[in-house]
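Based on the hints, put chain W in the right spot on chain S.
Number of protein chains: 2
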Amino acid sequence: MNTKIRWLREKMKLLDLQGMIISNPVNIRYLTGIVAEGVLLITRKENIFLTDGRYVEEVNQILTIDDGIIVYEFKDFSIDEYENFFLFCENVGFEENYVTYATYKEYMHKYKINNLQETEQIIEKQRMIKDEEEIEKITKACEITDNCFAHLREFIKVGQTEKEIALEIEKYFKMNGADGLSFESIVASGKNSSKPHAVPTDKKLELGDVLTIDFGCKYKGYCSDMTRTVFVGYIPEEVKTIYDLVLKNEEQTLDELKEGANVKLLSRMVENDFKLNGYDLIHSLGHGVGLEIHEYPYLNTKNDFCLKDNMVVTDEPGIYIPGKFGVRIEDTVLITKSGCINLTKSDKNYIIVDKVET
Amino acid sequence: MNTKIRWLREKMKLLDLQGMIISNPVNIRYLTGIVAEGVLLITRKENIFLTDGRYVEEVNQILTIDDGIIVYEFKDFSIDEYENFFLFCENVGFEENYVTYATYKEYMHKYKINNLQETEQIIEKQRMIKDEEEIEKITKACEITDNCFAHLREFIKVGQTEKEIALEIEKYFKMNGADGLSFESIVASGKNSSKPHAVPTDKKLELGDVLTIDFGCKYKGYCSDMTRTVFVGYIPEEVKTIYDLVLKNEEQTLDELKEGANVKLLSRMVENDFKLNGYDLIHSLGHGVGLEIHEYPYLNTKNDFCLKDNMVVTDEPGIYIPGKFGVRIEDTVLITKSGCINLTKSDKNYIIVDKVET
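In order, the protein sequences belong to chains S and W. In terms of my numbering, the first sequence opens at residue 12 and continues consecutively. In terms of my numbering, the second sequence opens at residue 12 and continues consecutively.
Misleading hints may appear alongside valid ones.
It does not matter which identical chain is used: a pair holds within one copy or between any two.
List time: in silico DSS-like cross-link candidates among lysine-lysine, alpha-carbon distance up to 25 Å [as the list claims (entries may be wrong)]: (1) 313 <-> 121; (2) 202 <-> 151; (3) 214 <-> 148; (4) 356 <-> 148; (5) 182 <-> 215; (6) 116 <-> 202; (7) 313 <-> 22; (8) 123 <-> 202; (9) 251 <-> 24; (10) 214 <-> 231; (11) 356 <-> 121; (12) 348 <-> 215; (13) 202 <-> 359; (14) 286 <-> 206.
Please keep in mind that the hints were generated in silico from the structure rather than gathered at the bench. From a predicted model like this one, the values you see are computed outputs, not experimental measurements.
Only chain S is shown next, with the shape it has when bound in the complex (with noise of 0.2 Å):
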C-alpha cells in the first residue's frame, strides 16, 4: 500500500471510520496516481477503484503491484452487489464538499450503508504539506514559468494585444513540457490591470502602459503560479512609489515566511502598512497551491493558522488604482523550518519591455 493511502487509513482509524467513499479526482489523483473518471473505495479489507472500460488499461499502466489498489469496472458489479463493499462497517466518510446532494443520496441507496459520516476535508488538509516527489514537480513547473517569462521579455512589442500575449503564453507552456496552463492566464494591460482578476482582451499595448502578467503551467498535475508587472517602453513615475511598495511587501513577506509564521499576522502585516500609505489590500495576501492553483492553506486576516515545513504557498501583495493601474507581484514558495525557499525566480526589479531608447 503505497504511503498516502497508508496515512489515510490511519485517519480512518482515528475518525473511527471503517471505510470510505473517494469521489474528488483531485483527491483520488494524489493518493493514487490515477487520472481517471471513477471512485477510490476505501473498504475494510481493499483499496478499490471503479471505473469504466475506458480506463482500465491505462489505469492498470499507472499502478503498481506496491499501490495496492485493485481496479475493477462498474459492470462488474449488479445493483444488488454495492451492498457488499461495506458490509459490517458502521462509519463511511465521505466527500460532503464534492459529492452533490444527489449523489449523496445515491450513495446512501447503492451502498446501503449505516451513517455515512462527512470528513471536513481531511484529504485536502492532508495534501497541504508536499512531499518529495511533489515538490519535485511544482519546482519543475515554477521553472518552466521563469523560462515562459525570459522568452516573454523578449517576445513582448508595443501594439500586440493581451489576447495574443496571453496565446503565446499557453504556446510556451504546451511546447516546452508542460501539460499545460494552471488557469487562464491574467494579461492586463494599462487601466485594465486596475482589476485584479481581469480577463485578456483585445487591447493593443500602449507606450507608458503598466503590464500585470498573472500565470501559470502545470507539469505532472502539479501547479505554479507567478505575476509580475513589468512596463511598457517606459516607467510613468506615478507608478514607481506603489511598485516599490508592492515589492517592500513582498520581500518582506518572503523574509516572514516559514514554518510557524501566522497568516492572519502577516496579512495584517501588509494590510497595515499599505494603509499607512493610504492604500488597500483588497484580495488575500496568497494561497496554497499543488494539483490544484487555490487549495489550502489560504493566506488572510480571517485565518488563524500557522504555516508548516513542506507547505508550497504563493505571496502575492498588489495595490490597484481604479481606472488608472494596478501592481502586483507574486511568487510560489517552499516553506522550511528556517525560512521560505522562492520556487519562481524571476527578476523583480523594474522591467521594461520593448524599451524606448533614449
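Same frame as chain S, but now just chain W:
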C-alpha cells in the same frame, strides 16, 4: 420580469414551490444573462441576485429594469437576516444535482427553510428548447468553427504536431470573435485517432495519417461542436470503406433528425448498420449543445426520448479500429418541425490536407 424567469415562476407554481435557490452559474446565466459568482433567489415577491462587491457594477450593467432582478451584496445581510428571504414559504426548491451536501446543509441552516425540495433539473431540461437569441448565438459559433476549419485546411502540413494544430485552433477562435474554446480540442493523428477522446500529443503528422479534429468555440456563452476526419497527403485505401460507412450513417441520421424523432431508435439504427458491417458504435450518437458543450438531450440507445422543435443537438457517429485509426464525423444541428438545419456546413467529402502531387 424576463420570459425565462416568468417561465420558471409558472413551473414553480405547478410544483407547489413558493421559492427557489439557484446556484448553478450556467442556470443563472440562462435565466438572467449574469456571468458572476453568486446565488439567485426566487422569493415570493422578488428575484434577488446575491453576489460580492467585485461583481456588482458588472451585473448592474447587464441587467435592465425589465429583468426585474434586484442585486444585493452578501455583506448587506447579517446571518440572522437570511431567514427573511423565504419567510412563509412551505417548499423551497434547490438544485440537488449541483449543490454539494455541505452547501445543502448550509442552505438549510442559513435560510431556515422547512422543506428544501429537489427540483430534478427543471432548468437544465427547459434549456433544451432554444429561443431565437440562443439559436443566433449557436449559429454564429458554428459559423466561426466552419471558418476555422477552412483555415485549417490550408494551415495543416506534414511535420506539424497535434499540439501545434490544437493551439492554432485556439488562436483562431480567440482572434476571430469567439469567447474561446467550447472544450479542449481533439487533434488525433494516425493510430491516436483510434481513441475517441484522444488528447493532442507531440506526435508529428505523417503522410498517410488519418487526422480527426473534434473542436468548437463559444460565442457569447453558447457552444458549437464539429468533427471532421481528414487525410494527410493521400487517402489510404483501407480507410475509405469505413469513412464511407460513417458518413452514410451521419447523413442518414441528419435525414431523420426532426421534431418527434426518437433518439433511441436513431441510435439503434446506426448501431445496427455498424454491426451489419462488423463494427460497433462505442459512444453516444450525439448530445444537446447550448451554454454547455454537453447538455440534455443525450442521443443514445438507453434514452427513450423524442426530439422537439428548437432543440440543438450533435450527430456524431464514429468507428475506431484499435491501434490503427478512427473516423468520426460530427455536425451541430437545429431541430425543426419538418427536419433539421445543419449549422456546421463544412465539407464532408474526402478532404486531403497537404496533398501529395501525383
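Checking residue 202 and residue 151: alpha-carbon separation at most 25 Å within a copy, between copies, both or neither?
Neither way: residue 202 and residue 151 sit 33 Å apart in one copy and 31 Å across, limit 25 Å.
Using 25 Å as the alpha carbon limit, work out where residue 348 and residue 215 are close: within a copy, between copies, both or neither.
neither (45 Å within a copy, 47 Å between copies)
Can you tell me if residue 116 and residue 202 fall within 25 Å by alpha carbon in one copy, between copies, both or neither?
Close neither inside one copy (49 Å) nor across copies (42 Å); limit 25 Å.
At most 25 Å between alpha carbons: which applies to residue 182 and residue 215, within, between, both or neither?
Both. Shortest intra-copy (19 Å) and inter-copy (16 Å) distances satisfy the 25 Å Cα cut-off.
Alpha-carbon proximity between residue 313 and residue 121, which holds within one copy, between copies, both or neither at 25 Å:
Intra 40 Å, inter 20 Å, cutoff 25 Å: inter-copy only.
Within a copy, between copies, both or neither: where do residue 214 and residue 231 come within 25 Å Cα-Cα?
Between copies only: 19 Å across, 33 Å inside.
From the Cα coordinates, with 25 Å as the cut-off, is the pair residue 202 and residue 359 best called within, between, both, or neither?
within (21 Å within a copy, 46 Å between copies)
Reference check for the pair residue 214 and residue 148, CA-CA at most 25 Å: within, between, both, or neither?
Intra 35 Å, inter 24 Å, cutoff 25 Å: inter-copy only.
Give the relationship of residue 356 and residue 121 under a CA distance limit of 25 Å: within one copy only, between copies only, both, or neither.
neither (51 Å within a copy, 45 Å between copies)
When no copy is specified for residue 356 and residue 148, does a C-alpha distance of 25 Å or less occur within a copy, between copies, both, or neither?
Close inside one copy (16 Å), not across copies (44 Å); limit 25 Å.
How do residue 251 and residue 24 come out at 25 Å by Cα distance, when the copy is not named: within, between, both, or neither?
neither (56 Å within a copy, 60 Å between copies)
What label fits residue 123 with residue 202 when the C-alpha limit is 25 Å: within, between, both, or neither?
neither (57 Å within a copy, 44 Å between copies)
Consistency with the previously given hints fails for numbers 2, 6, 7, 8, 9, 11, 12, ordered from lowest to highest.
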